[in-house]
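Based on the provided sequences and hints, a complete structural model is requested.
Numbering follows numbering that gives the first Met the number 0, with no gaps: position 28 of the sequence shown is 27.
What the hints contain is simulated information worked out from the structure, not anything from laboratory work. Just so it is clear, CB atoms sit at the ideal spot from N, CA and C, and this is done for glycine as well. It is possible that part of the hints are untrue.
[What the hints assert, rightly or not] Pair by pair, the computed Cβ-Cβ distance ranges are: (1) W17 with P42: 11 to 21 Å; (2) T53 with R32: 26 to 36 Å; (3) L43 with K8: 15 to 25 Å; (4) V49 with W13: 16 to 26 Å; (5) D46 with A12: 16 to 26 Å; (6) T53 with T33: 31 to 41 Å; (7) T25 with Q50: 16 to 26 Å.
[Stated by the list, open to error] DMTMM-like cross-link-like pairs, simulated, lysine to aspartate or glutamate; straight-line CA separation at most 20 Å: (8) K21 with D35; (9) K8 with D20; (10) K21 with D46.
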Amino acid sequence: MTQGVNYPKGLLAWGSEWGFDKALQTLEALHVRTGDPRYRTCPLLRDWAVQPPTF
Numbered sequence: 000m001t002q003g004v005n006y007p008k009g010l011l012a013w014g015s016e017w018g019f020d021k022a023l024q025t026l027e028a029l030h031v032r033t034g035d036p037r038y039r040t041c042p043l044l045r046d047w048a049v050q051p052p053t054f
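And the structure:
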């Protein structure tokens with residue numbers, strides 16, 4: 000992602016820095032508020048919110 004779209008960090012680096020638990024809470028709140036299926040969370044993000052991976 001860093002080279003393909005010129006992001007300063009990759010998506011996993013952003014998630015790790017920001018906190019996968021915070022990302023999960025934000026997406027779940029958006030899904031509840033809007034009902035939009037694009038905000039549904041995947042099982043892997045739920046797992047990482049509990050036990051963050053090491054890269």
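Hints, one by one, checked against the model:
About 20 Å separates the C-beta atoms of W17 and P42, a value consistent with the hinted range of 11 to 21 Å. Taken as a hint, the range 26 to 36 Å holds for the pair T53 and R32, whose Cβ atoms sit roughly 32 Å apart. The supplied range of 15 to 25 Å is met by L43 and K8, whose beta-carbon atoms lie about 19 Å from each other. Our hint of 16 to 26 Å for V49 and W13 holds, since their Cβ atoms are close to 19 Å apart.
In this structure the supplied range 16 to 26 Å holds for D46 paired with A12, their Cβ-Cβ distance being about 18 Å. Between T53 and T33 the Cβ separation comes to about 33 Å, which falls inside the hinted range of 31 to 41 Å. Taken as a hint, the range 16 to 26 Å holds for the pair T25 and Q50, whose Cβ atoms sit roughly 19 Å apart. Taking the CA atoms of K21 and D35, the gap is near 19 Å; set against the 20 Å cutoff, the hint holds.
Restraint check for K8 and D20: the C-alpha separation of about 19 Å stays at or below 20 Å, so the hint holds. Annotation: proposed proximity of K21 to D46 holds, straight-line Cα distance about 13 Å (limit 20 Å).
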